[in-house]
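Those protein sequence lines, which keep their order, are chains A and B. First residue of the first sequence? That's 94 in our numbering, and the numbers climb one at a time after it. First residue of the second sequence? That's 157 in our numbering, and the numbers climb one at a time after it.
Worth flagging that the hints you see were computed from the coordinates, not collected in a lab. Among the clues, some could well be false.
[Claimed, not checked] Result set (DMTMM-like, lysine to aspartate or glutamate): computed pairs, CA atoms no more than 25 Å apart in a straight line:
(1) B:442 - A:493
(2) B:442 - A:528
(3) B:161 - A:498
(4) B:283 - A:538
(5) B:442 - A:153
(6) B:283 - A:528
(7) A:564 - A:498
(8) A:284 - A:243
(9) B:442 - A:477
(10) A:292 - B:436
(11) B:437 - A:617
(12) B:442 - A:151
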Amino acid sequence: MKNDMTFVLGGEAGQGVESTGAGFALALARAGLRVFAVPDYRSRIRGGHNFFQIRAGDYEFFSHNEQVHLAMALTREAVDFHVRQLVPGGAIVYDTGLKVDKSAWPDGVQDFAMPVADLVQGAGGSKLMMNTAMVGIAAGLTGLDLRFVEGVIEDNFGRKRGDSVAETNLKVARAAHDYARAHFAERFPFKLEAVDAPKRLLIGGNPAMSLGALAGGIQFMAGYPMTPGSPILEMISAKAAEFGVVTKHAEDEIAAICMAIGAGRAGARAATATSGGGFSLMVEALGLAGMTEVPVVIFEVQRPGPSTGLPTRTEQSDLMFVLHASQGEFPRIVLAPGTIEEAFRDGWRAFNLAEKYQCPVIVLSDHFLATSLQTVPPETLDFDGVVIDRGAMLTPEQLDAMEGEYKRFAFTDSGISPWAPPGHPKGVYRSASDEHDEYGSIEEDATNRRRMMEKRMRKLETARADILPPKLYGPERAAITFVSWGSGYYPVREAMRVLAQQGVSSNFLHITDIWPFPAQAVAEALRGAKRIVSVESNYTGQMAGLIRRETGIHIEEQILRYDGRPISPEHILRGLEGV
Amino acid sequence: MVTVKDYQSPVTPTWCPGCGNFGIHQAVKTALAELGLEPHQVMLVSGIGQSSKLPDYTHANGFMTLHGRAIPCATGVKLVRPDLKVIVHSGDGDGYAEGMGHMVHAARRNIGIVHIAHNNQIYGLTKGQYSPTSAQGTRSSTSPEGSIDRPVNPLLIALAAGATFVARAFSKNSRELADIIKAAVQHRGYALIDVLQPCVTFNRVNTYEWYGERVYPVSQEPGYDPSDLNWAMRAAQIWGDRIPVGIFYQTEDVPAYEEQVPALKAGPVGLRPIRPLPADKAQALKAAYM
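Excised from the complex, chain B in its bound form:
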């Protein structure tokens, strides 16, 4: 039986005590163990940022790539090894600033990766600049008079782009997050989980208390129907004194990208043995030029 311990890495996390990343980390390991997945069946792909150190602290295939580029790297993994469960860890700067374009395309092509966005509304690794999800007016080292940009709404963007699984969670509620991750890993296609995660060092506004007062299950919203895109798009716009969390939208009716690639019908191409071409194939290739 697979346990959380199987995902234990010898490396000690360097996150600040109380960091929201701990809750996410625990939830990921719990979800994978409860699904009976073994570390070699999983590939964690991250960008750059505090969130993106998670693969270093986890015993599983891990690839810590470039700021903003985890999604295309993960897409490449999935396209040659669809048998692997591929999970992306990005931050809000990483995933929603430099990586936003890739997110939109991953959503529309419904590639089978789980995208866990560690959203703390601030840049942690570079020490406290405002991020794409920072509230307008956020004072930071790069916005000393208050930020002018309005924050992005990642859920709404993902839904508009055609994402087939869109959820939001609060890192403190690790059990609920683990359940959402389990659903996302089993989902067919791209899944976004936007995780609200307090930064105890640089974000003095969006604290545990701040979130604690606001979050509530999205299922309590009247008419909750995660199969209804229009309902989900309305729910995704609720933000302020009350912040819904949970699965906003999910459909299994759209085939994943990798299910539709002709070359993958015969199995993962990354496992195909590589041999010189037989003479008749070589001859056929040449014949087109004669």
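Just chain A, with the same shape it has in the complex:
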């Protein structure tokens, strides 16, 4: 078999599993292969068992799967864990010094114990370079040209740490590669070969969303570290000086969102990034933005709850929470990108929507989308398609010509009142988290309250014009219609591919813009469907529940997952059989 296989590199936290895995994934991508890589790590800095799984192939596929062909284990625990995932003919690589118990190994698994530590030492490397050796071995076994691995080592070490470290790593990789090739390659049936393909990016949802935010002209971001949302603040911070963005690591999430809202009140494109726990703290301020009609973007990268939950794992269980968070009723927009393309797009689009409708916009991602790395064509990050729309923002000329006192919260048919950034003598106004009148002054009058509520809520109806309908993948009519949202995209698309090979037709309704809910489009798409199956990463079937509430369509068949692991195509296929 050629150009169709999955690797897994497993070891302790601190052994460089994720960085090495990501480097190898990049080498595969540079070899022209398509890649889908999933990190799996525990919430600790040292020890435990982490792994990085990479699927590579030269054909179109959509997600990781459960078939491992080559496992590279840095610890005995990694041997025990990964040997069970191997397909027949698959091999496990580990150092001959590890004492392993092979009694429970599945049939057909190949034992590729090698003197990895000796190879590293012989090449002048340190114990920390076992990971590099494993990558060299992977290239040696599969026949992948070592220069792709070498290129990544040079990029990663050459620039950062000086030539000697790069040189030693290169020696280690070469020695390991040569050894594996000479002694084991013949027995390993799964091979890789570079293909001549257009260059692709290797990227995950967090970076794609961050680049989207930069493309959208973000001016301010505050946050507080929380996995898996913090990389967004880190990535924006890394580019802050160059792109004219102020970023602030705040004292807590309450401060973070309040800073973002303050920046929004001051006329800047402002955002915060967090996960569900941090968003829990932000909830009161979400209402402040709703009431004072301040544009603010919240990137909420979900992980399993409740409370601390599984900090480094995935779930889609905050849907109902973000839809209803904060007391009272006010318009909000919720976007849930599922693909890299959508993550980038919503990264900039969220700012337009926030300013156009002067309300909080929540971009709901999850750990799976955020951290999986996949190859995409460069144009997937569609910088040319970026549009900047600041909505009804008053220009200095319009303010100059304005007569009378500025009504910041003027009653309008659309619900949208023209807004002025501070700094113009005629654009001076006050705004309050209390109910207020058109000028922004605190007002408890019943008629004013009713009209102001209706004005604000009208914005939600107006915003429907900008809500993208769900996308239907596959044939118009099919035996099975999947419904999913966000990162459910990947395993569903992959399950569809497998089903098609089995002669089963399926299609897939992927919901990306979630609030205001595109009820009509969802109802129309599902009308006449033969068998609807909902797929999502939570216990209660939150999207299925929302669909029922908004359209009356009751989806009985639900494939759910709430063990913190990303939904795999096999999980869906097993779910279909189980019904």
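With chain A held as given, fit chain B onto it using these hints.
Positioned in the frame of chain A, the structure of chain B alone reads:
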């Protein structure tokens, strides 16, 4: 020329007659006018409480936010629009209970906002519960047998947190307060002004007379040296029969946070026009993933 009238709002204050907030309000408007600042150059940010209604009664950019959260909201304003003079109005419950954590961080980062804490040692808006600055033993609806908590010392906390301007004033002495506010607005970095403010409705102990008998200029303390942190920390501990007011500590040697933010070197980011990225920048961003 800017006058106090320029800050006149059409909204009539709903504070009780005799409320200490009137003196603070007058002092703020006087200070801003005397500094020649126009209403559009100023942003008043408040939390929730009687003190926090002040922006509603003032013609200036105003943002009345959440209980305890005025400081982070104001910080966000300042970080994108450092050209604006940002003034926070909090109460003692608002600023020293829910907001105390934010105050400590604002002080240590020396963000350029003026924090005027309207300290009446009681919760006014929610009708008379004891506050973080209430004396131990204060009887109130939530402490009917007398409060057990010892009161916070906001000045000492601010000094310990690294505040670069710490003052206390008495709301009745509006002229002196205005002068302190002027100094604070011109100060580089975070400035705390703790304003002793009688609550004529719910606080029957800390009255105008009570304060009148006690307050005296801190400059009369022996060895007065507001540039000496240790001196200021000792002076900040004087409280009881005699209560010093004035500027306890001030240093202009510490740069304000916003002066040090790389992205602000080119001017306020909130005024930067937003345009799609040029192709070469977009390409460079993508290249890191190839």
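Evaluated hints:
1. B:442 - A:493: 42 Å, violated
2. B:442 - A:528: 45 Å, violated
3. B:161 - A:498: The hint holds at about 16 Å.
4. B:283 - A:538: Distance ~22 Å between residue 283 of chain B and residue 538 of chain A Cα, so the pair holds.
5. B:442 - A:153: Satisfied, since the Cα-Cα distance of roughly 22 Å is no more than 25 Å.
6. B:283 - A:528: Cα-Cα ~21 Å, so holds.
7. A:564 - A:498: 46 Å, violated
8. A:284 - A:243: At roughly 19 Å apart (the allowed maximum being 25 Å), residue 243 of chain A and residue 284 of chain A satisfy the hint.
9. B:442 - A:477: Since the Cα atoms of residue 442 of chain B and residue 477 of chain A sit roughly 13 Å apart, the hinted pair holds (cutoff 25 Å).
10. A:292 - B:436: With a Cα-Cα distance of about 18 Å, the restraint between residue 292 of chain A and residue 436 of chain B holds, given a limit of 25 Å.
11. B:437 - A:617: Given that 25 Å is the threshold and the Cα spacing comes to 42 Å, the pair is violated.
12. B:442 - A:151: 22 Å, holds
Checked against the numbered hints listed earlier, the structure breaks hints 1, 2, 7 and 11; every other hint is satisfied.
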